[in-house]
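From first to last, the protein sequence lines are chains Y and U.
Its first residue numbered 13, the first sequence is counted upward by one per residue in this note's numbering.
Its first residue numbered 558, the second sequence is counted upward by one per residue in this note's numbering.
If you're looking for bench data, these hints aren't it; they were derived computationally from the structure.
Among the hints, a few may not be true.
[Claimed, not checked] What follows is a set of in silico ranges between Cβ atoms, one per label pair, in the way DEER data are often shown:
#1 Y/Pro70 with U/Leu1129: 54 to 60 Å
#2 Y/Gln25 with U/Leu944: 28 to 34 Å
#3 U/Gly1051 with Y/Gly111: 48 to 54 Å
#4 U/Phe868 with Y/Ala102: 35 to 41 Å
#5 Y/Leu133 with U/Pro1024: 36 to 42 Å
#6 U/Leu840 with Y/Pro70: 53 to 59 Å
#7 Y/Asp86 with U/Leu944: 31 to 37 Å
#8 U/Arg1272 with Y/Glu15: 34 to 40 Å
#9 Y/Leu133 with U/Glu834: 52 to 58 Å
Note that the Cβ used here is the ideal one computed from N, Cα and C, for glycine as well.
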Amino acid sequence: MSEKKILIIDDDQHLVLGLTARLRANGYKVISAADAISAITVARKEAPDLVILDLGLPAGDGFVVLERMRSLADLATTPVIVLSARDPAANDRRAMDAGAVAFFQKPPDNHEFLTAIRLALGETIALSTFLKT
Amino acid sequence: MSSEASVRVNSEYLLSASPTHSSRGTGLVDESSNIELSPQLRSDLLDLDAWSEILTTYGRTIRVAVALTDSNGRQLGECQNAQPVWRLIHEGLSGMGAGCPFCITRGLPCTAVAEALHTGNPAIARDQAGLTHVAVPLLLGKQRLGAIIAGQVFDRYPEPLSLRRVAKEFGVSARRLWELAREQRPVSSTVLQASGELLGVLGHAFLRQRYGAILEAKLAETNGSFRSLIEGVRDYALFTMDPTGSVTSWNRGAERMLGYVEADIVGRNFSCTFTPEDIQNRLPEKQLRKALRTGHSEDEGWRVRENRKQFWASVNITALLENAGPIRGFAIVMHDATEQRKVANILEEARQARARLQENFLSHVSHELRTPLTAIYFFTTNVLDGLLGDLTPEQREHLSLALENVKQLKDMVSDLLDITRVETHKLTVEPQHASSAKLIAEALATCRTNAAAKNISLRSEAAPGLPFVWADPARVRQILINLIDNGIKFTPAGGTITVESRRFAEDDGFLCLSVSDTGCGISPENRELVFDRLAQVKSTAEASRSGLGLGLFISRELVLRHDGRIWVESQLGQGSTFYFTLPVFSLAKLCAHVFTSANLEAGSVTLIAVDVVAVEGGVQADILFEIRRVLERCIHAFKDVLLPSMSDVEPVVTFFIVACGPSGFEVIASRIVRELQNFDNASRLKPVISSTTLLVPHGHPREEQIDEITARIERLVQAHLLGKERLK
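Chain U on its own, in the form it takes in the complex (with noise of 0.2 Å):
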């Protein structure tokens, strides 16, 4: 056959290819549209078995031949109602190979299921025969699955010189073909074509409804399988809940955790596993909440089981979210951790037993330890000081290096039981209001000796204007001391360290100090090491003698109890520099107990100073002490605030009390007065009164008016201070 004559032949096929789309916009599946559909879908999709009835039905309604391809157009099983012609062509044949199983005639393959599979559309094609056939898609979404071919029919009169050309060359009787020809009813294209497309909605409803079968075959078998899993889990309870928090789902270890069965606490919310405070407290509410904020929540805590006996679990709480869309409800995962955490207190206390014993040994050691050192502290000052005669220099020399060492010695004492105090939870910090310039000065004074002996010479930089600290004076000058002591020991003579406070950039609540130096540096692997406890990166023989090297633990204990940071930058060779920050000193703060909603609902708070003048030669620090006590007996504890004396300007000296109430003034200067009078050095001094009353808004307090009072407040006291605006 010749080339052109195949042209001419494959055009004869395409009788017409339908515009119109009926057989697809079923609202088939949309979500399958863009996923891939496993060959094993594919084929259980185009399952014959559950083809075969609706095909075969099809097909003797409408006297067709119907069969199922896939998507290359090849026939999937047997074709049902076979039409006669087409029959007795294909009994003598032993197969018919690629083409297309519908057509008669060998030629190029009939292209009607690409088309159709192309388009979507029903194609419709022909052969020499006269026979026609219908091509219908079958797409799931935009998944091309396969085709349905109808026909087999002829679509006019058949002509029996085709017929006998076909009889001829397929061997066949020409009269049995013509007489059974004349049997078949001819079918019109544009019936077929609207065969074809009934065929279309018919075979895609039944797709649809195959495809919904399968998914939920296999859904029920994850399900089940899911299921057994869950229910295999016993160790941990495992359940759902809805949005609201009722339970829909209990495995085993559930039931066995918290002793209720399935039947009993589906339906019911799960806050009935939490204590009657936690539930007071609206824990679980708090819990859901936060799973669905972020996700889930994790909780360690106390939980109930139903016989009322508690048990300490670790709960994990898992927002279940369509396509992160809306809540479906919650899954929790609870795990019994009572004996994990009875073996952690035991672990805890035995740790906890060992520090006390060590701590009462080393405090018995530091006690023993004393009693010498201060002997040997006050022969040697006594010698020093001339108390005893003069000193020729060397002698001095000896005994100023002697001195030196009771002080080493007293530090690491103290350093001991520091160090205890850590472990044992004691070591306790006792803020008050502070200036960072004062306490880096008094540092470098005591460290200046030491310095001089070295040819180190010290610096201090602090930047004007700075605020006030919220910090133990005492722990801070230490944490100095310490600091510089260890840029000392490692800072080769001729050096120099340098103290500096500023703000702290990344937090405007802090400042930040600093003591640099210009000595070895530290390598990078050491730079977290040297913060550990007897760390101390071996030097110089000098340096190892020198202290426990528990200064920068110890050091870091301080500053984390200030709720600083502590770390250090360095460059091998080019010297270190510590940096550590401390809270400003803030009003807010410190008032931050006494103004609760309760107080402030009283309506007023109160501003009393009380000026204490010394009639001569400056006020008498014991007596500051006194008075201090004497206004803290004053006041009451959860509803007024004693603030720090804020200022060491002679030769008044302000203490400041903020009381909340509308009794405030009156009661709290009358007790002053009274308690002053059984103070045996008043007469000597003239503690003066004052005090100004701000309003509060009626209603509920809000935390701007909190904030707005406190700013007031500090305004008020810093005119008072620099005697602008004196209280009245």
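Excised from the complex, chain Y in its bound form (with noise of 0.2 Å):
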């Protein structure tokens, strides 16, 4: 199975350097973006498997980076998870109608993010691993 890519838009540089290490170390290939003009042109130019997402972005709030790939033929199904410092009570049900398929207030627990990350890309998953989380 080739390896899958996963683009982190996040400004928050510390982060990205951390996560990129924990996703690469479960063989994922990692490519990030630091505001939502560029993640829009990373992301049509690299096609990633799947995208982390923060909220409060440079440039335009990524509510507006989730609108723009679901508008555009070939992002529109990529599987985009919410990785957000603000609160899921306001912004949990507002991401997932925007079309993200999970929501993680930072900072996530690690096992459950990698679930999240997994079920998103298609890889099955029993329901009891789901269940534990």
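Hints given; two lone chains; assemble the complex.
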């Protein structure tokens, strides 16, 4: 199975560095973008299998990115997991309605977060694994 | 005078004590029998001015002397129509002293009045001169007021010898006495007895009339002062109503507050002071019914003035009962609380604004804190998990501690946000079908590392066969973790923390979860305080640095939002047990909003099962989530319920839909099939749709019928889940 590619869209370079190490260790190829505009450019060029998206971004917030992705044929079906410091009570439902597959508040639990990534990438996971989280 | 003679003389005083009682039995004001008459009322009742006319008239008609005495036999005022013989004797006397006023001769006091008051019947006495009188008691119920004495007459032709003796005794002319005595017409004791009875009847009739008059005067006086008191109250509307709610009196305050003048409002129903919506909701009747049932009813709400303007009123209705008997009417006290409400609203708005500001600030702070925290978390876990190479035991230990601190910091940030949500009323729970045993196991797993670090053992006990709870799993875990962490904090090394779940003895609609520790315990004065905001019983240096002291406060708020209770039992030095209750999952509660009369009148309820069977390797959780969303779209929110998936037994997950109305199954099933066709992963799943329809008896469905339908659905669901009896 070829390496799956994950795009992290976040302006916090430390987070990108830390998360990249974790994802690489789990066998994924990782690329990143630090603002809303370059995010779309990178996404169209690299065609990632999954996007991890922050909501507070320079040059437009994460919802703008999500909407733009859904409007572009080549990115419309790419799964997006939102990883944000924002309050889930106010943003969880909104992110799902905008087309995200999951919402995580920072900092996420590594195990839960990786399970969600695997699910979003269509890797089969036993229900029991999910129910444990 | 010898004592022997006295006895003889005394015996002569009492001629007869009639057994008849015609002077009583006048049905006189029975209610007065048990009340103590005040001295004032007694003297008012025997007021001479009032009595003189009847006494004089009687005396002149019957030709006897008449006088009134008090209950001790003392004469009150003058003797009316005094007879000649008696007058002659009395002219030479400067006062008779304490003896009977109608007896001429001295000796032992005449006991006729005492006798009459004692027996309640007229008593006749004759003195040594041969003059006779009758004492008629005046009784008000059982109260002895006094007596009327009538007489000073000879009951037979006067005896010259006796009269000469009397004349000698009192130093008056015997001849003159004899002449006067012959002028007095004798009255036989039988006639005197009859006259006495007549006098009794007359006297009591008059007494009764007088008593009524006095009470009436007093009542008028009280009413007058009460009325002027009520009239004087200007800041409160005070009015009375008859049992139907028609206004019977209306004070000036009511006029000022509500605009109606007394003449216009009396006779109208008080509902005219209510808003049209309240009238439509039958609030006026409801309030009167409540006042009738409980004695009074209190309410705050909008009321309407005559000019249609509304004001915020605080209203108190009192039922006026006649000696706990039938209702006489209602009294209303109404206060215009519009200004108070305005001030309270402004204060509340200010409080809310401050809370919102605080929330915005804290949510900003929390956001800003979370970003660096996330970086620290990733770096720490990356190193700890060996992504960057192996670690020495010491490095591992230090990093583990760093990770603990990151988690603590994370919890504190979450707590800060929760606490502002409490104030802005945004702390919400999303209840679902959950197993308390599973939630406890998950919470214990989270706390295991912390407990192990302090060498504290964690135990859990769950009574077998416990029902599911209806609670927000994340929030229940949060409560349990708060309580367990708290226990760990205050329990010395080697201690034990036990988490239990059982039925709540006081209410079988709840489970009771408890977390017990073997720690230092909480003193009685701190037991309530521990749930307060920022409360922390400072006891150890370690405890004071971990946490903001918000955990128990938030836990209490979360439990309250589940309609549960939280409390602590503790003994200093022997540990504490925190208890909280959670509602038991109830199909009836879940279905309550669709099991309305209108929905059930449609005649049937359909239970639809959607079994999702995985082809291989289990069911994917995201697909379950998707299916749930699809199903949510397929139902009618007002008529149908999607039950929470109640089984986590693989490889089948079942969703149940309870649908009201005849079209239920076909419509919903075809919708589900159509929606699932558009669903990408449908090909990998085999949703099997089955159903059973329950008929609802015709007519208006009653509560027992709804209970029965719920119970049957519950049985069908369980049977289906256990594979005993699948729906078809």
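Outcome of the hint check:
no., hint, verdict
1, Y/Pro70 with U/Leu1129: 54 to 60 Å, "holds (57 Å)"
2, Y/Gln25 with U/Leu944: 28 to 34 Å, "violated (18 Å)"
3, U/Gly1051 with Y/Gly111: 48 to 54 Å, "holds (53 Å)"
4, U/Phe868 with Y/Ala102: 35 to 41 Å, "holds (39 Å)"
5, Y/Leu133 with U/Pro1024: 36 to 42 Å, "holds (38 Å)"
6, U/Leu840 with Y/Pro70: 53 to 59 Å, "holds (58 Å)"
7, Y/Asp86 with U/Leu944: 31 to 37 Å, "holds (32 Å)"
8, U/Arg1272 with Y/Glu15: 34 to 40 Å, "violated (53 Å)"
9, Y/Leu133 with U/Glu834: 52 to 58 Å, "holds (57 Å)"
Checked against the numbered hints given earlier, this structure breaks hints 2, 8; the rest are met.
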